[in-house]
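Going down the list, the sequences are from chains A and B. Take the position in the first sequence, starting the count at 1, then add 14; the result is the number in the working numbering. Take the position in the second sequence, starting the count at 1, then add 3; the result is the number in the working numbering.
Note that these hints are calculated values from the structure, not bench results. Because the structure is a prediction, the values reported are computed rather than measured. Even for Gly, the Cβ is constructed at its ideal location relative to N, Cα and C. Accuracy of the hints is not assured; some may be wrong.
Unchecked claim - Computed spacing ranges between beta-carbons, pair by pair:
1) Ser124/A x Ala89/B: 43 to 51 angstroms
2) Lys49/B x Val112/A: 51 to 59 angstroms
3) Glu97/B x Thr249/A: 26 to 34 angstroms
4) Asp47/B x Val112/A: 49 to 57 angstroms
5) Asp47/B x Ala60/A: 24 to 32 angstroms
6) Met51/B x Ala253/A: 45 to 53 angstroms
7) Arg53/B x Ala60/A: 51 to 59 angstroms
8) Ser41/B x Ala253/A: 52 to 60 angstroms
Below are the chains, spelled out letter by letter.
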Amino acid sequence: MNPVDKRRREFFGQAAAIAGAMIAPGLMLYEYAEAVGPDGASRPRAPGEPVSGKVRWGMLIDTTKCAPGCRECVDACNRENGLPGTTRATDSQWIRKVDLKDLKTGKAVSLPVLCQHCAEPPCVDVCPTGASFKREDGIVLVDRHTCIGCRYCMMACPYKARSFVHEATTGQSPDVPRGKGCVESCTLCVHKVDKGGTPSCVEACAAAGHQAIVFGDLNDPSSEISKRVRAATTTQLRADLRTDNGVRYQGL
Amino acid sequence: MTAAGFLRAILAATLLLAGSGAGLVASASGPALDAARSGPCVEDPKVMRRSHMDFLKHDRDDTVRRGIRGIKHSLSACVDCHASKADGRVLGSEKHFCQGCHTYAAVKVDCFDCHASTARPAATAAAAAPGSLR
Chain A
15 MNPVDKRRRE FFGQAAAIAG AMIAPGLMLY EYAEAVGPDG ASRPRAPGEP
65 VSGKVRWGML IDTTKCAPGC RECVDACNRE NGLPGTTRAT DSQWIRKVDL
115 KDLKTGKAVS LPVLCQHCAE PPCVDVCPTG ASFKREDGIV LVDRHTCIGC
165 RYCMMACPYK ARSFVHEATT GQSPDVPRGK GCVESCTLCV HKVDKGGTPS
215 CVEACAAAGH QAIVFGDLND PSSEISKRVR AATTTQLRAD LRTDNGVRYQ
265 GL
Chain B
4 MTAAGFLRAI LAATLLLAGS GAGLVASASG PALDAARSGP CVEDPKVMRR
54 SHMDFLKHDR DDTVRRGIRG IKHSLSACVD CHASKADGRV LGSEKHFCQG
104 CHTYAAVKVD CFDCHASTAR PAATAAAAAP GSLR
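Turn these sequences into a full structure, and let the hints guide you.
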C-alpha cells in the first residue's frame, strides 16, 4: 500500500468513527446534525417539513419556584386555548394547580399538573379509532376528526389530564379548534411550538417572575431543559407506570 | 319521461351548472354571497366548488398528525379570506360565504362545530382591500 492510500484509509476510518459515535443512547451524530444547527440549538423546521423523532419536547416544572395560590399558568392556558376557565365537574381543564402536603413533615408543595406527554401513552394504547396519538416529536394529541368521544382515554390516563367537551362551544380560537363530543387535553400549545414558540403557561410563569417552568427539546443536549435535568434530580409522576413522561418535576 | 330522456335532462342540468362557472354565485339561480376579502383563491373557483372538501380533508391530516403548518388548503385561511366584511364571519345568514352556499346545496357544514367561523383580527384589519373573488 502506498503512503497516500494509507493516509486516506486512516482518514476515512477516523471520519467513520466520529460520524458513527453515539452522542446519546440511540442518537447518532449524523442524526443529531440533521436536527440541530451549527450552534447546537434545535433547528426550526422548514415549511412543509413534518415533525421528526429527533426532537422530544418536554417540560421541567420546578416546584420550589411554583408559588402556592398562583394560577398564572392556568389562566394563560384558558385564554390561549379558548377554554371557559370554570371548574364545574363537566368543564374542560387542561392544566390544574395541585397543592400537596406531607402530613408527617408538614412540607407543602404547589404544582401544575397537565398532560404529561408520555413516551408510552396509555391513552393512545386504548383509543379504538386511532384519534389519540403521539406525534413524532413526543406531543400527545387528540385528532378530533377521528375522535368518537368514547372517553376510554380519560379512563386510561393516570394523570386525569383529559377532559370531555359536554356542551356546544362558541368563540374558539382559530388556532385551537374544539367542540362538543370530543376528548381534549393539553397540546403543549402545538400551534405555537410548530412556529418556533413556547407554550403559553411557560410564558405566563416567566412573566409573573416565577420562571418555574422550562420548555424545550429533551433530545438536544445543549437545550436549557437538558442541562437542567442533567444537573438536578427530577421526577416523573407515577414513574412506576413506566410511561416515560415528557413533563418532569423538580423538588417533589 | 323515458329513462334516456331523464338522463339527458340530468346531463343538461349538470352542464348548465358547470358552464355557469364564476357567474354562478352572482346569477339569479345561485346564492348571493358576500364578496371575499382579497386576491384570487388558492385554486380555480370551479375546482374549489367541487373539491374543497377533499382538499381540506387531505391537508388536515398533514397539519394535525405531521405538524405541517401553513399548508395551501387551510380552513382558517378560507375563513380569513371569505369572512363577511360586515361581521368577519362565514356563518350567520344566507349571505355568509359558507352557510349561503351550503344551504343552497342542502349540505350540512360541520366544520364550524369545532373550528372558529370568525376571521382572525389581523385578517379583519386587512379586509380594507377590495375583493373581486367570491
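Could you check the structure against the hints above and give me the numbers of any it violates, in ascending order? Checked against the structure, the hints that fail are numbers 3 and 7, while the rest are satisfied.
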